[in-house]
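Place chain B with the ligand on chain A using the hints.
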Amino acid sequence: MSEILNLYVNGTKMQAIAKPESTLLEVLRDELHLVSPKCGCNHGDCGACTVILDGKAVKSCTVLALTAEGKKVVTVEGLSNGSELHPVQQAFIKYGAPQCGYCTPGMVMATVAFLLDNPTPKEEEIKDALSGNLCRCGGYKEYVKAVSAVVSGEFGRLPEGSEINA
Amino acid sequence: MRKYKFEAPQSFEELFEIMHRANFEKDEIKFVAGGTDFVPRLNFELNMIPSEQKQPLQIMYLGCLGIDSIIEKDGIISIGACCKLNDIMKNPVICEKLPVLVETISQMAGLTIRNTGTIGGNIMNASPANDSIPTFIVLDANFILKSEKKERTVKASEFFTGPGKTVAKPDEVLTRIEINLKKGHASFKKLGRRQAETLSVVNAAAYVEQENSVCKTVRVAVGSVGPTVIRCERVEVALRGKKLTEDVIKTASLKVLNEINPIDDLRASAWYRNKTAPVMVSRAIKAAAGIRGE
Ligand SMILES: Cc1cc2nc3c(=O)[nH]c(=O)nc-3n(C[C@H](O)[C@H](O)[C@H](O)COP(=O)(O)OP(=O)(O)OC[C@H]3O[C@@H](n4cnc5c(N)ncnc54)[C@H](O)[C@@H]3O)c2cc1C
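First to last, the sequence lines map onto chains A and B.
Just so you know, UniProt numbering puts the end of the first sequence at 166, numbered straight through with nothing missing.
Just so you know, UniProt numbering puts the end of the second sequence at 294, numbered straight through with nothing missing.
The hints are simulated quantities; they were obtained by calculation from the structure and are not laboratory data.
Just so it is clear, CB atoms sit at the ideal spot from N, CA and C, and this is done for glycine as well.
One or more of the hints may lead you astray.
To be verified - Reference excerpt, derived from the structure (chain A facing chain B, CB under 10 angstroms, subset only):
(1) Lys19
(2) Pro20
(3) Glu21
(4) Asn42
(5) Gly47
(6) Val58
(7) Thr62
(8) Val63
(9) Thr67
(10) Gly106
(11) Phe114
(12) Asp117
(13) Gly132
To be verified - Calculated cross-link-like contacts (lysine to aspartate or glutamate; reagent style EDC-like; alpha-carbon spacing at most 20 angstroms):
(14) A/Lys19 <-> B/Glu7
(15) B/Lys3 <-> A/Glu3
(16) A/Lys72 <-> A/Glu31
(17) B/Lys90 <-> A/Glu124
(18) B/Lys146 <-> B/Glu7
(19) B/Lys84 <-> A/Asp128
(20) B/Lys5 <-> A/Glu69
(21) A/Lys127 <-> B/Glu103
(22) A/Lys141 <-> B/Glu197
(23) A/Lys71 <-> A/Glu3
(24) B/Lys90 <-> A/Asp54
(25) B/Lys84 <-> A/Asp54
(26) A/Lys19 <-> B/Asp27
(27) B/Lys90 <-> A/Asp128
(28) A/Lys71 <-> B/Glu7
(29) A/Lys127 <-> B/Glu197
(30) A/Lys19 <-> B/Glu45
(31) B/Lys30 <-> A/Glu3
(32) B/Lys5 <-> A/Glu3
(33) B/Lys90 <-> A/Asp117
(34) A/Lys56 <-> B/Glu197
(35) B/Lys84 <-> A/Asp45
(36) B/Lys84 <-> A/Glu69
(37) A/Lys19 <-> B/Glu28
(38) B/Lys90 <-> A/Glu125
Just chain B, same shape as in the assembly:
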């Protein structure tokens, strides 16, 4: 049997002290926040995979570090990585200033998973079908990583490198997410087999700033159609400087097909994803641009 160890450090000093003592050659260290991604995977490992040869696993619980508050200061909203998804949705500052995050999280999992799952866990899971990533990308969010020696900031659009992979090193903890409030509007749309407790077949987010009815700043991201969530620059180029009519948005949205590379999996075929991605992108852009319909 593989050996497991459990630590629940009460401060970052304690956390880094344990990490310091750990022998990375011999121990595999895994951070756990809510556990809604980690524990089902562990259950699967315990039941299915012969584990004799595996390294011991040091489970490092992050829930006692106190990184679970939401603060607004100088136009920047800072969300602690260990904030539970439901607490973010109900937070008055988020409800007032970042309604797109409420729109996004309300379509993630269901009430009971959102009582346990954290936003940091969702980001670090780095699933291509993850629902918060497209929204954070179009909001131009920053992720703050902390290791024993330093803290660094990485843009959401540069954070993900593959399925389950990010630029974070094994000794770096995601401590918070920072969003600079801007005057434009953002929106998130999800297509799944059913409304709750389901992962996205395709999802899309958009952020639009208009001036004199012309699109000035725009960011578009789409998920579940490639190895990471994808920023759709060709779609953005086709929108920038234009008046956002239904036709302009429709034509621009089709350009997503040049950016994505979906696979067939248990949730949908590549064919279906290619058919629906432009639709979801177009819906997200329309909603962000304040165009009603569908």
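Excised from the complex, chain A in its bound form:
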């Protein structure tokens, strides 16, 4: 028994078929073909599936799809402004944060949502905010460097919530 799920995804109203037991991650990947959120552990542990739901970073593998009815979802696909990458994406590239890249979309989304809430964090706060995202290539230092560079303004002004396709 499937239901129609209404979502605003990356600024566009979308409908998808969702089963009662489907997760938001499954709907995004399998129904809407947005493959930036990755299915790592499917257990809420690794953070590779992190997306922004109504302005907050969530692990989409722990969210039942139908509980997101009417909500706004942002994935990496909705971050860039035309051909210009979001400052967090630019910083990750410059500081060599992504290695294999599997955890990167989740890290990007966790970082973007965190900086919306707290645009001038201390290093400890950055580490805390990203602690739910595991990186098995071991690139944690680079992630923190990249986020610190964004905070210092190296990549320009951060887009506000309303500007991020929400």
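Using the frame of chain A, we list chain B with the ligand on its own:
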């Protein structure tokens, strides 16, 4: 395949109407708030467990019932069961009047799980390693349960009966948690393999009220060392009426070993838990008594 159904009632009337129609013989009803405990378990069930013979599962989402506010009235703080963990941590009333809850929740999971997980879900999960339960026990919190016919209040210390088990009946929803603000101090300490996104190896909470430097009222609870979080009455007895010096606290904390019965599991051995439980209990008592150190 097991059959699943989904309902998101918008009011308690609607919720109880659906429950009323449901056939408890045939349907298993499961409440879901944030889903951070429920959904990973469901994912596991879908992938691993043959489910042909299982009853259909009615998923009842509680997020639209409007039980997500925090109110202070007449010295009692009432926290809606569906409050998200992060919203509780940031709430000005909680920050000012119940800092121990901020201390507790800030050590639970990580930012992204706390954006989804609710306090009611945490309590009803009733894990022996749950982090909010020791704090609610020492704060002498009340849990309010609502069913179609009645509402009842159960003390936190009498709520849990085993791993995943509580006194709540299948048709009862936890609606709110009530805490009577007192003048003493409470604290929570957690020991885990790492700081974030990890369940406790041992945790402990304490509440202390002193008068003329003598311990008047004290409550101590410890988690992850038995089938439920445990209230440590022998430790409390050893503290009551005494001046809380380091030595008194150390001796009293060792009495926790008579109350707990830890197991070996993937997070730690029973041996390690026996070694660390008195330390965590002592740290919690010291912090609640305002003694610095460690
Ligand atoms: C990566 C990760 C890390 C975690 N770390 C911690 C941690 O450090 N400490 C900790 O304590 N927990 C931790 N958890 C567990 C979990 O996140 C919390 O227990 C959370 O608060 C659960 O809330 P929820 O709303 O998501 O619960 P749900 O999954 O929605 O529900 C949990 C259970 O409670 C029942 N339920 C929910 N609400 C109600 C209600 N109002 N009335 C009756 N029954 C109800 C459900 O039926 C279900 O059985 C972690 C989980 C993950 C995935």
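Comparing the hints with the structure gives:
Look at A/Lys19: its Cβ gets to within about 7 angstroms of chain B, closer than 10 angstroms, so that hint holds up. Interface restraint check: A/Pro20 against chain B, minimum CB-CB distance 4 angstroms, threshold 10 angstroms, status holds. Evaluation of the A/Glu21 hint against chain B yields a held restraint, the C-beta minimum of about 4 angstroms falling below 10 angstroms. Against a cut-off of 10 angstroms between C-beta atoms, the interface hint on A/Asn42 holds, since the closest Cβ of chain B lies about 5 angstroms away.
Interface restraint check: A/Gly47 against chain B, minimum CB-CB distance 7 angstroms, threshold 10 angstroms, status holds. Using the Cβ-Cβ criterion of 10 angstroms, the hint placing A/Val58 at the interface with chain B is satisfied: the shortest such distance is roughly 5 angstroms. Interface restraint check for A/Thr62: the shortest CB-CB distance to chain B comes to about 5 angstroms, inside 10 angstroms, so the restraint holds. Checking A/Val63 against chain B: minimum C-beta separation of about 6 angstroms stays under 10 angstroms; hint holds.
This hint holds: A/Thr67 has a C-beta 5 angstroms from the nearest C-beta of chain B, less than the 10 angstroms allowed. At about 9 angstroms, the closest approach between the beta carbon of A/Gly106 and any beta carbon in chain B falls short of 10 angstroms, and the interface hint on this residue holds. Taking 10 angstroms as the C-beta contact cut-off toward chain B, the hint placing A/Phe114 at the interface holds, the least distance being around 7 angstroms. With its C-beta approaching chain B no nearer than about 9 angstroms, A/Asp117 sits inside the 10 angstroms limit, and its interface hint holds.
Annotation: A/Gly132 was flagged as interfacial toward chain B, and the flag holds, the nearest CB pair being 3 angstroms apart, inside 10 angstroms. Between the alpha carbons of A/Lys19 and B/Glu7 the distance comes to roughly 12 angstroms, so the proposed pair stays at or under 20 angstroms and holds. With a CA separation close to 14 angstroms, the supplied pair B/Lys3 and A/Glu3 stays within the 20 angstroms bound. At most 20 angstroms may separate the alpha-carbon atoms for a hinted pair to count; A/Lys72 and A/Glu31 meet this at roughly 16 angstroms.
Note on B/Lys90 and A/Glu124: the hinted pairing holds, with a Cα-Cα distance of about 18 angstroms set against a maximum of 20 angstroms. The straight-line distance between the Cα atoms of B/Lys146 and B/Glu7 is roughly 18 angstroms, inside the 20 angstroms bound, and the hint therefore holds. Between B/Lys84 and A/Asp128, the direct Cα distance comes to roughly 18 angstroms. Compliance with the 20 angstroms bound is thereby established for this hinted pair. For the proposed pair B/Lys5 and A/Glu69, the alpha carbon gap of about 15 angstroms is at most 20 angstroms, so the pair holds.
With a C-alpha separation of about 18 angstroms, the suggested pair A/Lys127 and B/Glu103 falls inside the 20 angstroms cut-off, and the hint holds. A C-alpha spacing of about 19 angstroms is found between A/Lys141 and B/Glu197, which places the hinted pair at or below 20 angstroms, so the restraint holds. Pair hint A/Lys71 plus A/Glu3 holds up; C-alpha atoms about 16 angstroms apart against a cutoff of 20 angstroms. Taking the CA atoms of B/Lys90 and A/Asp54, the gap is near 17 angstroms; set against the 20 angstroms cutoff, the hint holds.
Annotation: proposed proximity of B/Lys84 to A/Asp54 holds, straight-line Cα distance about 14 angstroms (limit 20 angstroms). A distance of roughly 17 angstroms separates the Cα atoms of A/Lys19 and B/Asp27; the hinted pair therefore holds under the 20 angstroms criterion. Taken as a hint, the B/Lys90 and A/Asp128 pair is honoured in the structure, with Cα atoms around 16 angstroms apart against an allowance of 20 angstroms. Between the alpha carbons of A/Lys71 and B/Glu7 the distance comes to roughly 17 angstroms, so the proposed pair stays at or under 20 angstroms and holds.
The straight-line distance between the Cα atoms of A/Lys127 and B/Glu197 is roughly 13 angstroms, inside the 20 angstroms bound, and the hint therefore holds. A distance of roughly 15 angstroms separates the Cα atoms of A/Lys19 and B/Glu45; the hinted pair therefore holds under the 20 angstroms criterion. The hinted pair formed by B/Lys30 and A/Glu3 meets the criterion: a straight-line CA distance of about 19 angstroms does not exceed 20 angstroms. Proximity of B/Lys5 to A/Glu3 is assessed by CA-CA distance (about 10 angstroms); at most 20 angstroms being required, the pair is judged to hold.
Under the criterion of a C-alpha separation no larger than 20 angstroms, the hint pairing B/Lys90 with A/Asp117 is consistent with the structure, at around 12 angstroms. The hinted pair formed by A/Lys56 and B/Glu197 meets the criterion: a straight-line CA distance of about 17 angstroms does not exceed 20 angstroms. For the hint linking B/Lys84 to A/Asp45, the alpha-carbon distance of about 18 angstroms falls within 20 angstroms, and the restraint holds. The suggested pairing of B/Lys84 with A/Glu69 holds, with an alpha-carbon distance near 18 angstroms, which does not exceed 20 angstroms.
With a CA separation close to 17 angstroms, the supplied pair A/Lys19 and B/Glu28 stays within the 20 angstroms bound. A distance of roughly 15 angstroms separates the Cα atoms of B/Lys90 and A/Glu125; the hinted pair therefore holds under the 20 angstroms criterion.
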